[in-house]
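S.K.: Now for the letters of each chain:
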Amino acid sequence: MKKLLAIALALALTLSLAACGNGGEPPADGGDAGADLAGTYDVVIWAPEAAVDLTKSQVADFNSSNEYGITINATVEPVSEADAATNMITDVQAGGDLFFFAQDQLSRLIQAGAVSKLGASAVEFAKNNNNAASILAAQSGSDLYAYPLTADNGYFMYYDKSVVPDSDADSLEAIIADCEAAGKNISFELENAWYSAGFFFGTGCHSQWITDDDGNFISIDDDFNSDKGLIAAKGIQKVVTSKSYVNSSNADFASGSAVVVTGTWNYATIKDQIGDNMGVADLPSFEVDGQSYHIGSYSGCKLLGVKPQTDAVRGAALARLAQYLTGKDCQLARFNSFGWGPSNKDALADPAVTSDPTLAALNEQGNYAVPQPNIHGSWWDIAKVIATDIKASDGSDAALKAALDKYEQSIQAVFSMSDDVKNAFTVIGSINGDGWTLDLPMTADGDIWTSNEAYTMDAGVEFKCRQGMSWDVAYPADNFVVETAGTYYIQLNAATGEVSLIPA
Amino acid sequence: MKRQNGTDPGNSSVRRKHKSPQVFFKEIGEILGEYSDGRYLRLSKLQKLIYKILAFFRAIPFAIAGFFKNIGKNIKNAAISLVNEFKDIGSTFAHGDWKTRVSYFVMGFGNITRGQILRGLLFLLFEIVFIVYMIVAGGHWLSLLPSLGKQGPTQSYDPVLDTYTTVYNDNSFKILLYGVLTIFFIIAFIYTWRLNVKQNKLAEQYLKSGKKLKGDKDDLRSMVDEQFYKTLLALPLTGILVFTVMPIVFMILVAFTNYDGAHNGFSNNLFSWVGLDNFNTLFSWQSAGGGQSYSATFGEILAWTLIWAFLATFTNYFLGMFVAMMINKKGIGLKKMWRTILVMTVAIPQFISLLYVSKMFARNGLINLTLKDTLGWISQPLPFWEDATWARVTVILVNIWIGIPYLMLITTGILMNIPADLYESARIDGANAWQQYTKITLPYMLFITGPYLLTSFTGNMNNFNVIYLLTGGAPTNPAASGAAGSVGYTDLLITWLFKITTGAESQYYLASVVGIMVFVVVALISLIVYNVLPSIKNEEDYQ
Amino acid sequence: MSNNKHHMGMKTLNRLSNSAIYTLLVIISVVWLIPFVFIVLQSFRVESTYQVGYVVPHQWGFQNYINLWNSDFKRWYLNTFIIALAAAVLQTIIVLCMSYTLSRFRFKLRGPLMRFMLILGMFPGMLTMIILYRVLSDLGLTQANAVPGLILVSVASSGMGYYVSKGFFDTIPKSLDEAARVDGATRLQVLYKIILPLAKPIVIYTILTAFMGPWGDYVFARYVAFGTSAGYNVAVGMYSWLTNDQINNMYTTFCAGGVIVALPVTILFLCLQKYYVEGVTGGAVKG
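Residue numbers (the working numbering), protein chains in the order written: chain S, 1 to 504; chain R, 505 to 1047; chain L, 1048 to 1334.
Since the hints were made in silico from the structure, they are not lab data. Note that the structure is predicted; figures quoted are calculated from it, not measured. Take these hints with a grain of salt, some might be off.
[To be verified] With a straight-line Cα cutoff of 25 Å, these simulated DSS-like cross-link-like pairs (lysine-lysine) come out:
#1 L:K1247 - R:K721
#2 R:K556 - R:K530
#3 R:K840 - L:K1247
#4 R:K834 - L:K1321
#5 R:K834 - S:K161
[Unchecked claim] Derived CB-CB ranges, DEER-like:
#6 L:N1291 - S:A60: 45 to 51 Å
#7 R:F783 - L:P1159: 52 to 58 Å
#8 R:T942 - L:S1066: 23 to 29 Å
#9 L:L1125 - R:L823: 19 to 25 Å
[To be verified] Among chain L residues calculated to face chain S with C-beta under 7 Å, some are:
#10 F1083
#11 Y1097
#12 Q1098
#13 V1099
#14 A1191
#15 N1192
#16 D1292
Glycine included, each C-beta is placed from N, C-alpha and C at the ideal position.
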């Protein structure tokens, strides 16, 4: 009796779950062709806490000023730019339609299918209005995936003039000596690759990840493990072995720091902490073997992403809203409210922007900065250890070199680790009118690989199946030629190299 | 009691001191192979404990061998009972009346026609719901389960509106989830169907022998009486089944897929079954990049997890007991006030107190600033969270701060329960405070709190809050940088698991493998303790 | 004479050890109270909102509490309170059903069931977070609706925590039940007429722990309510104030929030401390 009741209960629960599971996707009521975007749209926007109110009023402005008859019914949620990717990846469907994010998350977002590619007109809008570095930041392969919001995501140095006189501010050695003498700290978050990479750029090293059009990383071009890199390691060593070193990028002046390497976002707090004693400057130089190197940095952007939409009309309307929010007026409004440095070319020329002290320091540092490209998520974990290793080492050249050797092995292993990609077969050829540029995925069942989709092919279409996207292993030896037009799955027996077509 | 005190407490310890390590272990070793009561009893306490632990491990191969030996027998038994079930089902059908036979297809028919309306209707309802579910959804999910979906999302470009749109297709996650649920459901159905057949057979026999069947009223009454336990357990067990068992089954299955950030099963790529690949990844001794292999990282974290759990449990236990004894001591006033002060830490949510304490110990936190600037005792900040050893010691110290009040509460009650005459007679025999403690208090406490110590140990192994809120695993362990999720020196397996899940690559499959390993470790430790500590086994002894 | 002397010696020794204990207790009390006193002091600091190297505010005021009132904190507080209240009622019912049954009834599957739950408990719960999120999201109980979702999950799996209260029920003599059964009471009547009145400490203990849990629930609550302030509980909301981009503006507000969160829970706990101790000593340590 009771068993029955329990089972019935369990079953009712199961049913209700399954029913929901079935109807999860919203119906795509496709709008009629034609660019009629008029209508009301419920939109969730994720903006950092500080910008929530401003964004609300900017959306209201958009509603009253746009020429398409779009009314946006926006819910603006406070979500930090730093957490946007983590949150989006949790559940793309439930994520914000528009979201502010720091550019280092772009590849994760693309990979998760959480940002929509920009249409041609949107690309034109973004490229015409924003500076080159910010466009680079929003790009993966040859496509744009986001709208530049700011171009101020870089770092420079704040210092307390009562401890570090202006005359010392351009020498790392002098700064360290001043701080140690005064018993003050130097906040420099070197156990974070975003900051420590600056030393390497300063000595002329580079680190560049190469992505394809889908946001996948193909390879890395990196020379941190080199003679130049060793010089950079010695520079890092000077800071991390100092008794003044604090691994932080917070506004630490109130808790014992006299120098903080951080960005524009801490300006107001630091100004409040040390007032007129505040100095703002580009990063200093360090000296190794009598030669001086200016510490470099990453310069980066914040971007506005749009979640992939199932409805084209809605997608087009959101694109209009995104363009408005990243336009000159909105960028300037954000600069005026919170000092966010614009990426918009016209806004950059605004006298208020050009005369801003932090943006001036950022600009000065810009001469030594490397625009932050798309970076593989695991690089941050791998590279942040460089400073940790240097700190723990005995300081000899050999020990520093060992730290860099380990770094190099680790980044190379990122690719060797993904055996998935290395071993997988893909189809490449003149399928779908493609000119042998696109690898189409296949799925393995033992040795039998089958294309994930059936393709409609005319007679005479040619293709090959290749492994690891290289030509080292490819079947059949000569191109496979389709004899009869039709829709087929492509199948490969990897053990024998035999390729066949399976009618769909 | 007197007799116990009569055997001089110093005696056994003196004897132990004189045993050389060789003799010490030789004595254990000699009786390991054979069972010898007399010689076992001659061992010292420590030797007995070690003997038990060794004997446990020694028994493992035999147990496994026995298991396999029994497998044949078990399979045979299972097969026989299965055949019997089928025979019974068949013979019930063959010999049953028409009501019974119809019940094979319309569940509950027999019950209804024989007057057990409520029972019958529930059976019928269950069958209808099951069939409808299988047609509407179950079959669909089940058919996709082997492949976990065929078609991922596709993207298309709308030239008129100049936008890209995405069409979402299969969802591996849901296929796996509802596939598992459907299987649960089918099992439940088969069980219920069998129950239905059995009840028909019984009912027929009852009526034939002239007995009266239980009516609906009897059913309802038994729900609050003989069968009351079923009523009480129905809701809790349903909850556990759906919100604990099902998720665990699901997560175990994930360990055999390639579910991660790049294959999230819905908005980018579908995921699929990969067999034992993930276990190979965790257990290959191959180096993961420039750092060490996954297995070495796992071993390192496991070692610290065990050390942490041991220290966290026993420091709290003994210090908590110590504080409780201090407060309980005769002649100490304001007992209530001391307790209240300590107990506040139990009441205040950990995320507030731990986050605050974490900031206090930071390199430029309050403690360092006070020591350095205000007091001038140190010239350099102390590396509480930056040095591996410092950080490990600090988390244990802070954990003592968190844990003592709780232990103090528990032990206070037990200490008061120890019969006072035990101490009285001990005092008469001239035992000093330390002897009273080691001979009376401690054995009594250990006996009573044995089970608690075990749960507390495994609880500490999975003590996510303290580590996550205090250090987040810091400082970074450079050697383990190749492993997923940036491992730190204070990371426990549980925080590592969290980092793997939320890290850059969201390797859910690896987290799942690590989770399974955590289970194996906890289960093994529990098994050992169960076998070594007798007081846990016999719950009835306490009643 | 010599006897008397010996006695005096004991007394001095006792006095000595007592004063040592007092000293130790005072030190312990200070160590235990310091962080809380500091949090309270910081919450009244108005001259700056970031972390500083001193404890006593230079300027006192209620600005941080006013900020708290103007933020979403009210909503978070209400959410947490609702969850805590619901958990206190529902979890208690579930836990009591479970533990009473396992303590009093001897049925065929009792042993296997208890062993099964023991084994289930050895799996790290963290793992099931992702899947529970999906289940809740399919039921529409995430983000803005996170409150019922969190209640559902915490109540549904609470049966696993039967251990302590079962231990308590085990200490109530079975002869009481049997006497009542002989008098013709049903099992249900035995439960609410005889057992429950005796089990008051453990009921209060269960209510209290169930009520206190949600105030510190961070990881899963964040996962379920992600990106939707209206669904946050206090832990999730306040934790977001300590992220790098907010800590400089919100640190003292965080302290004020901490005080507001801790106050009612602490007071409640201190009032019911007696039952808590009885429950925990009666239950936690007896298998």
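S.K.: Each of the hints needs a verdict: does it hold here or not?
M.R.: Going through the hints against the structure:
1. L:K1247 - R:K721: violated (33 Å)
2. R:K556 - R:K530: Holds, at roughly 15 Å.
3. R:K840 - L:K1247: holds (22 Å)
4. R:K834 - L:K1321: Given pair R:K834, L:K1321 holds - Cα atoms ~20 Å apart, limit 25 Å.
5. R:K834 - S:K161: violated (62 Å)
6. L:N1291 - S:A60: 45 to 51 Å: The hinted range 45 to 51 Å is violated for L:N1291 and S:A60, with Cβ atoms some 30 Å apart.
7. R:F783 - L:P1159: 52 to 58 Å: violated (28 Å)
8. R:T942 - L:S1066: 23 to 29 Å: holds (25 Å)
9. L:L1125 - R:L823: 19 to 25 Å: violated (39 Å)
10. F1083: Nearest chain S Cβ about 21 Å off; hint violated.
11. Y1097: Constraint on L:Y1097 satisfied, holds at 6 Å.
12. Q1098: holds (6 Å)
13. V1099: Hint holds; L:V1099 Cβ to chain S Cβ min 4 Å, cut 7 Å.
14. A1191: This hint is violated: L:A1191 lies away from chain S, its Cβ roughly 9 Å from the closest one there, beyond 7 Å.
15. N1192: violated (11 Å)
16. D1292: holds (6 Å)
Against the hints set out earlier in the document, violations occur for numbers 1, 5, 6, 7, 9, 10, 14, 15.
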